[in-house]
Amino acid sequence: MNVQNYVRKRFLPHLWCPGCGHGTVLNALLRSVDELGLSKEDIVMVTGIGCSARMAGYVDFHTMHTLHGRALAFATGIKMSRPELNLIVPMGDGDALAIGGNHFIHASRRNLDITAIIMNNHIYGMTGGQFSPLSGPGTTATTAPRGSIDPAFDAMDLAKAAGATYAARTTTFHVRELQKMLTGAISHKGFSVVEVFSQCPTYYGRKNNTGDAPEMLKAFRDETAKIGSKTLDENPELIPRGVFVDRDAVDYGEAYAELCRNAAKEAPRC
Amino acid sequence: MQIIIKTDWCKSCGICAAFCPTGALSVEPGEKARATDVEACTGCGLCERLCPDLAIEIIKVEVSI
Amino acid sequence: MLKLIFTGVGGQGIITAGIILAEAAVLEEGRYATQSQSYGAEARGGLTRTDIIISNREVLYPKIEQAHILAILHQRGYTAHTGTLRPGGVLIFDEEAVNVDDKTDARRIPMPILENGRGANITLLGILCALTAAVDPEAVRKILHRRYGEDSANYEAFDRGLSLVSERGLSPLLVGF
Amino acid sequence: MKDIRFIQGNEACTLGALYAGMDFFAGYPITPSSEIAEMLSGELPPRGHTFIQMEDEIASLCAVIGGSLTGRKAMTATSGPGFSLMQEALGYAVMAEIPCVIVNVMRGGPSTGLPTQVSQGDVNQARWGIHGDHAIIALTAGSHQALFENTVRAFNLAETFRTPVILLYDELIAHMRERLEIPSEGEIPLVERLMTSVPRDVDYRPYLAREDGRLPMSDFGGAHRYNVTGLYHDMWGFPSTDPSVVRGLLSHLVEKIEGRENELTFTREYETEDAETLLISYGSAARTARQTVYEARDKGIRMGLLELETLWPFPERKVRDAVAGVNETVVVEMNLGQVFEQVRRVARSPERVFLANRIDGRFITPPDIRKVLRIIAGKGVWA
Numbered sequence: 001m002n003v004q005n006y007v008r009k010r011f012l013p014h015l016w017c018p019g020c021g022h023g024t025v026l027n028a029l030l031r032s033v034d035e036l037g038l039s040k041e042d043i044v045m046v047t048g049i050g051c052s053a054r055m056a057g058y059v060d061f062h063t064m065h066t067l068h069g070r071a072l073a074f075a076t077g078i079k080m081s082r083p084e085l086n087l088i089v090p091m092g093d094g095d096a097l098a099i100g101g102n103h104f105i106h107a108s109r110r111n112l113d114i115t116a117i118i119m120n121n122h123i124y125g126m127t128g129g130q131f132s133p134l135s136g137p138g139t140t141a142t143t144a145p146r147g148s149i150d151p152a153f154d155a156m157d158l159a160k161a162a163g164a165t166y167a168a169r170t171t172t173f174h175v176r177e178l179q180k181m182l183t184g185a186i187s188h189k190g191f192s193v194v195e196v197f198s199q200c201p202t203y204y205g206r207k208n209n210t211g212d213a214p215e216m217l218k219a220f221r222d223e224t225a226k227i228g229s230k231t232l233d234e235n236p237e238l239i240p241r242g243v244f245v246d247r248d249a250v251d252y253g254e255a256y257a258e259l260c261r262n263a264a265k266e267a268p269r270c
Numbered sequence: 271m272q273i274i275i276k277t278d279w280c281k282s283c284g285i286c287a288a289f290c291p292t293g294a295l296s297v298e299p300g301e302k303a304r305a306t307d308v309e310a311c312t313g314c315g316l317c318e319r320l321c322p323d324l325a326i327e328i329i330k331v332e333v334s335i
Numbered sequence: 336m337l338k339l340i341f342t343g344v345g346g347q348g349i350i351t352a353g354i355i356l357a358e359a360a361v362l363e364e365g366r367y368a369t370q371s372q373s374y375g376a377e378a379r380g381g382l383t384r385t386d387i388i389i390s391n392r393e394v395l396y397p398k399i400e401q402a403h404i405l406a407i408l409h410q411r412g413y414t415a416h417t418g419t420l421r422p423g424g425v426l427i428f429d430e431e432a433v434n435v436d437d438k439t440d441a442r443r444i445p446m447p448i449l450e451n452g453r454g455a456n457i458t459l460l461g462i463l464c465a466l467t468a469a470v471d472p473e474a475v476r477k478i479l480h481r482r483y484g485e486d487s488a489n490y491e492a493f494d495r496g497l498s499l500v501s502e503r504g505l506s507p508l509l510v511g512f
Numbered sequence: 513m514k515d516i517r518f519i520q521g522n523e524a525c526t527l528g529a530l531y532a533g534m535d536f537f538a539g540y541p542i543t544p545s546s547e548i549a550e551m552l553s554g555e556l557p558p559r560g561h562t563f564i565q566m567e568d569e570i571a572s573l574c575a576v577i578g579g580s581l582t583g584r585k586a587m588t589a590t591s592g593p594g595f596s597l598m599q600e601a602l603g604y605a606v607m608a609e610i611p612c613v614i615v616n617v618m619r620g621g622p623s624t625g626l627p628t629q630v631s632q633g634d635v636n637q638a639r640w641g642i643h644g645d646h647a648i649i650a651l652t653a654g655s656h657q658a659l660f661e662n663t664v665r666a667f668n669l670a671e672t673f674r675t676p677v678i679l680l681y682d683e684l685i686a687h688m689r690e691r692l693e694i695p696s697e698g699e700i701p702l703v704e705r706l707m708t709s710v711p712r713d714v715d716y717r718p719y720l721a722r723e724d725g726r727l728p729m730s731d732f733g734g735a736h737r738y739n740v741t742g743l744y745h746d747m748w749g750f751p752s753t754d755p756s757v758v759r760g761l762l763s764h765l766v767e768k769i770e771g772r773e774n775e776l777t778f779t780r781e782y783e784t785e786d787a788e789t790l791l792i793s794y795g796s797a798a799r800t801a802r803q804t805v806y807e808a809r810d811k812g813i814r815m816g817l818l819e820l821e822t823l824w825p826f827p828e829r830k831v832r833d834a835v836a837g838v839n840e841t842v843v844v845e846m847n848l849g850q851v852f853e854q855v856r857r858v859a860r861s862p863e864r865v866f867l868a869n870r871i872d873g874r875f876i877t878p879p880d881i882r883k884v885l886r887i888i889a890g891k892g893v894w895a
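If you're matching them up, the sequences are chains A, B, C and D in order.
The working numbering numbers the first residue of the first sequence as 1 and each following residue consecutively.
The working numbering numbers the first residue of the second sequence as 271 and each following residue consecutively.
The working numbering numbers the first residue of the third sequence as 336 and each following residue consecutively.
The working numbering numbers the first residue of the fourth sequence as 513 and each following residue consecutively.
It should be emphasised that the hints constitute simulated quantities derived from the structure, not laboratory data.
Here the structure is a predicted model, which is why all the values come from computation and not from measurement.
Only true hints are included.
Cβ-to-Cβ under 7 Å is the rule here; a few derived chain A residues that face chain D: (1) His-62; (2) Leu-67; (3) Ala-73; (4) Thr-76; (5) Ser-81; (6) His-103.
Derived coverage of chain A by chain D (criterion: at least 3 residues anywhere in the stretch with Cβ under 8 Å from a Cβ of chain D; other residues may be distant): (7) 38-44; (8) 249-263.
Heads up, the beta-carbon is just placed ideally off N, CA and C, and yes, glycines get one too.
Next comes chain A alone, as it looks inside the complex (with noise of 0.2 Å):
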């Protein structure tokens, strides 16, 4: 397939730095939505604030770019008007877990039928390279110059406490892996998370001396393991790839629409 043929060509080349992990996602995304045979017209996505929320700038589907934090809550209002459309809403690390935490945890509970993608690089991008809630302890950062003491949330454990019913962790380096993983979330009904460990070689990666984005991406491949796998049993320092939750539960769509069948039933109030 040509991913090329989902993107709106007169923005490319697109604006991450050169190595970016997110261009990776867009690639894994648009042949996941390939393979899905979704049509460009089905696809809604809303992006919020950040280096993240460029994507929404480069697909040809209907797109919006919103506010730092709210895309989950702007997404939230369109599927509930129109619940035949596939939201998609790819965010950055801070803009998923810090100003959008709220929204985050109670869009996860609601399990309204929406993919959310957490591009985390561990860092914010485009403000320069300041710590995000998942950088963890130990990370430089412009705003943690001596190593941030700030622990990190584990974003897969935050969606399962909070009800999403599909949560999965890959990297950038795992790439069919990813487009697997962003196929499972698109087709399973109700809120999906997929987090993607994403490089950041040009704040990040220069802040902690991680090398450049081909050396990030060994990182990737070196410091996580599968669920399940010996690796991960035998090094449980290794951080955990694969997929933590792939459980139905009712959507809040059909949920709603129940709710409205049933109220028709009754005498009108006023």
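Position chains B, C and D against the provided structure of chain A, taking the given hints into account.
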């Protein structure tokens, strides 16, 4: 195999060359990615999936001898 | 124009009584009315008050500085709101629950209101209808029917209020308008 | 037969919204506006329309924008602290030109202030709560009948000008019960969204305004794929920092509202014809003002009232003309003089404009106004 590289999209990050299992691609510092050994390409597609710039397309060409 | 204030504590239904009275004037008699209310900080059991103004013209200023009629179902309401009754106004109160001191300048109407239990607020409306020209009893009955259907307890409570006035030998008063 | 109700202002607003065809509500409960959400949670589902209680006010207005963009008549309702939280999304709705109605039932502020008491302190917040230059429409009402009508009007203006419209009223109107006669169907004309005639697969430019300032819409998610953003954007909705695009968009956003005073400003006049003293008021305070006018007329005093129903854009011309013909003007409001400052700004003799206000959470009374009038007349006050 045919390796199409959209050089005006490529940002020379080097990821394709670093992970190509057969060394079919190379990226010199400051240069765009190039298919330096097309014969070696097995069409695995890893480079086109890894490319953050959507700049690579692999086309499998049936070659009749 | 007739200005009434009902006061009591949460759960006695005085706000509902105020709404019913005003609804009777507006919906059944084609007149104008406003009803407003204030609550104490507590959700239940706190002091409550409702102000009702009934008029033949549009009511603009909806607050009551001096009421023609003040109805009190709890001593706390007496302490807090006696000052809102105009000098010589009509003070209707539960004869068991409320102690009215001698200095209060009002025409006092002690009544056994609360002995009607859950219908006490509706009994109060019966008393008001029989005692004043606030609204026609039939108009109130129609509102009771809209709200409660055939629930006879409310009609009984209302009739009890009407008959209390004659039992006590009281005749209708000219207040307001 | 006439449909007459005896209801609270919040119910009148809700019924007005339903009359206007509102079919999407997202909100978060807050006193003194919660009755609106409560009522709509019962009314919208049987109609197959959307009611959703969001996690906060921020999310509420964001969801409303999403609902509106996809073709719904959408609304949220809140009060002071919630309205503060909505400013970010309100700015987005202004910038992205999303029609929607935001009801703000004012209570005493700042901060959590006085949750269940009356105030009119959010007039300037409605105008300037969001950052950056912009224009905004804000309506208000002083009776349930006017509130119903202005709720319908708010939707009509939102749809006409592709803009958020703020409906400001106060706690007294919200909770007081009075008579409302529901207009029959069609009695108040409804404005439906202007839809594009551009066919599918033909270049649709969502942000290309017509000469009359209106922008034909295409339901997001429908026949045309386009981009919506809070950044300065070109006619296709894509971000731009081109100076001519930036200047053009900002002047369009301001001009489509500020340039339409005649279409957007609504006022009512009472006894103004031969008035020597003019009261200017709005919302519930206008009830006290009107009462004061009638009491003055009974004593032969030539007093009149100009009641404002549009607060923004400020009815400059109407106020300037009304003030020009009287000896003195008294602005009656429950804040430190937010409309008073506007009246002074437009009056040719600002020294003849005075303020009768109340800032203690209590409803303003006729004596509060009369006291100011006595001071103006140099007669002093008794107390």
